[in-house]
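J.: These protein sequence lines map, in sequence, to chains A and B.
Residue 16 is where the first sequence starts when you use my numbering, and the numbers rise one by one after that.
Residue 294 is where the second sequence starts when you use my numbering, and the numbers rise one by one after that.
Errors might be hidden in some of the hints.
To be verified - Interface residues of chain B toward chain A, partial, derived using beta-carbon atoms under 7 Å:
{"no.": "1", "residue": "Asp354"}
{"no.": "2", "residue": "Lys369"}
{"no.": "3", "residue": "Glu373"}
{"no.": "4", "residue": "Glu374"}
{"no.": "5", "residue": "Arg380"}
{"no.": "6", "residue": "Asn381"}
{"no.": "7", "residue": "Phe386"}
{"no.": "8", "residue": "Leu405"}
{"no.": "9", "residue": "Pro406"}
{"no.": "10", "residue": "Leu449"}
As the list claims (entries may be wrong) - Pairs of lysine to any residue residues, derived as SDA-like cross-links and limited to a Cα-Cα distance of at most 20 Å, are as follows:
{"no.": "11", "chain 1": "A", "residue 1": "Lys288", "chain 2": "A", "residue 2": "Glu69"}
{"no.": "12", "chain 1": "B", "residue 1": "Lys496", "chain 2": "B", "residue 2": "Gln515"}
{"no.": "13", "chain 1": "B", "residue 1": "Lys434", "chain 2": "B", "residue 2": "Leu449"}
{"no.": "14", "chain 1": "A", "residue 1": "Lys21", "chain 2": "B", "residue 2": "Thr424"}
{"no.": "15", "chain 1": "A", "residue 1": "Lys322", "chain 2": "B", "residue 2": "Asn478"}
{"no.": "16", "chain 1": "A", "residue 1": "Lys415", "chain 2": "B", "residue 2": "Glu401"}
{"no.": "17", "chain 1": "A", "residue 1": "Lys415", "chain 2": "B", "residue 2": "Val309"}
{"no.": "18", "chain 1": "B", "residue 1": "Lys423", "chain 2": "A", "residue 2": "Phe25"}
{"no.": "19", "chain 1": "A", "residue 1": "Lys21", "chain 2": "B", "residue 2": "Glu420"}
{"no.": "20", "chain 1": "A", "residue 1": "Lys88", "chain 2": "A", "residue 2": "Lys322"}
{"no.": "21", "chain 1": "A", "residue 1": "Lys415", "chain 2": "B", "residue 2": "Asp354"}
{"no.": "22", "chain 1": "A", "residue 1": "Lys29", "chain 2": "A", "residue 2": "Lys288"}
{"no.": "23", "chain 1": "A", "residue 1": "Lys29", "chain 2": "B", "residue 2": "Lys304"}
{"no.": "24", "chain 1": "B", "residue 1": "Lys304", "chain 2": "B", "residue 2": "Glu374"}
{"no.": "25", "chain 1": "A", "residue 1": "Lys288", "chain 2": "A", "residue 2": "Arg386"}
{"no.": "26", "chain 1": "A", "residue 1": "Lys29", "chain 2": "B", "residue 2": "Pro446"}
These are calculated hints, taken from the structure and not from any lab test.
All C-beta atoms, glycine included, are put in the ideal place defined by N, C-alpha and C.
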Amino acid sequence: MWSNIKLAVFLAIKTILRGDKGSLILTVLIMLVVFLNLLFVDAVFKGISTTMDEGKINYQYGEVTIEPRPGDKYIKNTNDVIDAIQDFYYVRSIATHLRTSATLKNDKYNDGRDVAQFGAGVVGIDPEIENDSIDLKSHIIEGKCLEKGDYGKALLGADIAGGYGSSPFPEDLEGVRTGDKITAIYGNDVVRDYEIVGIYKTKNFDTDSKMFVLQDDLNSVLGTTNESSEIIVRLTDKHLSQKALDDFAKINLSNYEISDWNEKLSFGATINKSFDMIGSILRIIGSFVAGLVIFIIIFVDIVNRRKQIGILKAIGIPESAIMQSYIIRGMFYTVLGIILGFLLMNFGVIGFFRGHPIDFPMGDMVPVIKREALRMSVILFVVAGLIGSLIPAIKEVRKKILTLMR
Amino acid sequence: MEKIAKIISCKDITKVFDTGETKTHALRGVSCDIAEGEFVAIMGPSGSGKSTLMHVLSFLDRATEGGYFFRGKDTKDFDEEKLAFIRNQEIGFVFQSFNLMQRVSVFENVELPLLYDFYTKTTQNKEDKKTNKDRVMNALKSVSMEHRLHHMPSQLSGGEKQRVAIARALINNPKIIFADEPTGNLDSKSGLQVMHVLEGLNKQGHTIILVTHESRTAEHAQRILRIVDGKIVDDKRVHNQRSVDTDNILK
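Work the whole structure out from these sequences, hints included.
T.: Structure, rendered in structure tokens:
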């Protein structure tokens with residue numbers, strides 16, 4: 016059947032070049048829009064899940080998290096753990112967190128009449144190394160970041176402070192500002208006052224509902240020394256996390272619970288699965304639409320050129336060459352739609368959203384085209400185009416010469 | 294006596310058009326032989342089956358029953374590719390409605406049948422392209438249409454269109470040319486020009502099978518097959534074969 020392919024290519028090129036340019040542009044435009052739509056919906060889903068994942072990695076867990084084993088409260092000898100892992104080439108930075116919880120109170124008029132309170136996580140950090148791991152500095156919306164020596168001072172999440180836009184929590188401290196003092200009542204009945212030096216908002220609600228203080232401050236509350244609740248390890252590439260897990264397992268860190276970002280994103284993974292499923296369904300529907308568009312275009316074209324097909328068959332151009340020429344045309348529209356759709360998506364739509372990210376509650380979202388999704392979309396689109404052009408070509412071209420020439 | 298080879302031989306050909314509800318018997322047992330180099334006219338009134346017979350003989354359609362031997366070979370087992378090859382290489386068509394491709398030039402219309410040969414070769418070189426161009430030019434010259442090379446069919450008169458169609462039919466130097474009412478849509482002068490070209494082709498050795506309902510046109514042939522109600526009722530030689538007076542058509 017394919018021995019006539021060169022003839023088919025010639026016929027296809029001639030028909031495309033000699034055909035109506037307006038129809039050609041319209042056809043390619045339709046294919047472009049259908050493919051763009053296919054990519055866009057998927058890219059938005061991927062963008063949302065990536066934003067959520069990146070939020071968790073960047074502001075909460077890092078690529079690898081080392082925690083005490085269940086039953087242990089703290090990681091003992093934190094410095095030894097840091098020494099053991101810091102020389103791996105892919106380790107970018109390490110931060111230690113001491114975590115606890117407290118009831119935070121904001122006595123708005125300092126007279127006890129109107130006190131707002133919120134149960135929040137309190138995290139003790141070393142400001143000198145923290146910003147390399149959990150970048151709060153660039154998310155300060157008021158005031159400044161914690162600095163070395165800021166005893167009795169705290170950095171407060173916008174969702175707790177209140178009055179800084181939407182929050183997932185029904186209650187907050189009702190408008191804490193930089194310079195205000197709040198009281199923290201810890202579980203061990205220790206009470207401390209903190210002056211707020213800054214308010215931050217990362218849009219990761221787990222992070223934005225915390226208060227950060229100096230680790231030394233929290234050590235004095237909890238009575239800890241060289242201990243931490245978690246060690247956040249940032250890698251040069253998140254895809255090296257499995258290698259890190261393997262390497263860390265070899266250097267006797269068996270007393271600790273080590274997990275990578277994949278394990279920490281169980282909630283996100285469920286959403287990702289749902290998004291993947293919805294994306295696949297939309298991809299199939301989109302491809303079906305594309306196939307239908309190609310079918311209609313080729314069918315209408317064939318019906319309009321029936322007599323010409325009859326003439327070609329009458330003068331001895333093989334049926335297979337004519338059929339192939341229509342398939343090639345269908346593929347031409349499809350591939351051009353894919354290329355232009357991809358270029359417009361990549362450089363136009365995503366370029367635009369990079370400059371103007373969509374403001375989602377969980378972060379600033381930029382659509383993301385994943386290679387796997389792109390490959391699947393291209394394959395489905397090509398198959399749809401192939402079927403969409405093959406069916407009318409077979410249906411019509413196989414008709415009797417005299418029927419076609421009538 | 295020299296034995297002339299039969300190029301077409303058919304026996305008891307029938308053709309029934311079955312629409313599901315009605316069956317129309319277009320050919321009812323047609324048998325005939327046509328020798329190489331003959332100029333045969335198939336004549337008959339409208340609906341007699343003359344075009345159907347031409348369609349069957351030229352492989353545009355298949356007979357319902359009967360035997361059809363082309364150059365001595367039974368065509369029963371010829372598949373679509375084989376039939377396309379024969380239509381391309383051994384047969385030329387001239388239709389009443391010209392059937393030119395509207396969106397391509399005169400040159401490209403004539404070149405079309407060459408494409409099969411050209412593009413099914415493993416390699417195409419410049420020499421082949423030049424040969425093809427020469428062949429198209431020669432074909433157009435033979436019908437005096439070389440001056441309309443780059444015209445589109447819509448820019449030609451009926452007679453010119455038919456001459457282009459003849460050039461296309463000639464391009465592969467076919468053994469047989471089937472002409473279905475070739476003068477039917479033409480004025481008398483253009484009709485004579487077309488018949489003059491067909492006469493010339495026959496003199497060059499081409500077998501011409503002409504379908505017409507006009508006796509005057511049929512008399513340009515050497516032999517007339519009269520067909521009525523799907524049957525050949527008369528098969529006779531033309532004693533006073535007409536020939537186009539070239540002076541007339543040049544006036």
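J.: Hint by hint, say whether it matches the structure.
T.: Evaluated hints:
The closest approach between the C-beta of aspartate 354 of chain B and any C-beta of chain A is roughly 6 Å, which is under the 7 Å cut-off, so the hint is satisfied. Contact between lysine 369 of chain B and chain A, as hinted, is not supported at the beta carbon level, the nearest pair being about 18 Å apart and thus beyond 7 Å. The closest approach between the C-beta of glutamate 373 of chain B and any C-beta of chain A is roughly 6 Å, which is under the 7 Å cut-off, so the hint is satisfied. A least Cβ separation of about 6 Å between glutamate 374 of chain B and chain A falls short of the 7 Å threshold, and the interface hint therefore holds.
Annotation: interface hint on arginine 380 of chain B holds; nearest CB of chain A at approximately 4 Å, less than 7 Å. The closest approach between the C-beta of asparagine 381 of chain B and any C-beta of chain A is roughly 2 Å, which is under the 7 Å cut-off, so the hint is satisfied. Restraint check, phenylalanine 386 of chain B versus chain A: the minimum CB separation of about 6 Å is within 7 Å; hint holds. Hint status for leucine 405 of chain B: holds, given a least beta-carbon distance of 6 Å to chain A, under 7 Å.
With a cut of 7 Å, the hint placing proline 406 of chain B at the interface with chain A holds, because the nearest CB-to-CB distance is about 5 Å. The restraint placing leucine 449 of chain B at the interface with chain A is violated, with a minimum CB-CB distance near 16 Å, outside the 7 Å limit. Between lysine 288 of chain A and glutamate 69 of chain A the CA atoms are separated by roughly 17 Å; this keeps the pair inside 20 Å, and the hint holds. For the hint pairing lysine 496 of chain B with glutamine 515 of chain B, the CA-to-CA distance comes to about 11 Å; that is within 20 Å, so the pair holds.
A threshold of 20 Å between alpha carbons decides the hint, and for lysine 434 of chain B with leucine 449 of chain B the separation of about 16 Å falls inside it, so the pair holds. With a C-alpha separation of about 19 Å, the suggested pair lysine 21 of chain A and threonine 424 of chain B falls inside the 20 Å cut-off, and the hint holds. At most 20 Å may separate the alpha-carbon atoms for a hinted pair to count; lysine 322 of chain A and asparagine 478 of chain B meet this at roughly 18 Å. Taking the CA atoms of lysine 415 of chain A and glutamate 401 of chain B, the gap is about 24 Å. The hint is violated against a cut of 20 Å.
Distance restraint check for lysine 415 of chain A and valine 309 of chain B: the Cα-Cα separation of roughly 15 Å lies within the 20 Å cut-off, and the hinted pair is therefore satisfied. Simply put, lysine 423 of chain B and phenylalanine 25 of chain A have alpha-carbon atoms about 18 Å apart, close enough for the 20 Å limit, and the pair holds. A distance of roughly 18 Å separates the Cα atoms of lysine 21 of chain A and glutamate 420 of chain B; the hinted pair therefore holds under the 20 Å criterion. Distance restraint check for lysine 88 of chain A and lysine 322 of chain A: the Cα-Cα separation of roughly 84 Å exceeds the 20 Å cut-off, and the hinted pair is therefore not satisfied.
Taking the CA atoms of lysine 415 of chain A and aspartate 354 of chain B, the gap is about 7 Å. The hint holds against a cut of 20 Å. Straight-line distance between C-alpha atoms of lysine 29 of chain A and lysine 288 of chain A comes to about 47 Å, which puts the hinted pair past the 20 Å bound. With a C-alpha separation of about 42 Å, the suggested pairing of lysine 29 of chain A with lysine 304 of chain B is violated against the 20 Å cut-off. Distance check on the hinted pair: lysine 304 of chain B and glutamate 374 of chain B sit about 24 Å apart at the alpha-carbon level, beyond 20 Å; violated.
Of the pairs offered as hints, the one joining lysine 288 of chain A and arginine 386 of chain A holds, with about 17 Å between alpha carbons and a cut-off of 20 Å not exceeded. For the suggested pair lysine 29 of chain A and proline 446 of chain B, the alpha carbons sit about 17 Å apart, so the restraint of at most 20 Å is met.
The structure shown violates the earlier hints numbered 2, 10, 16, 20, 22, 23 and 24.
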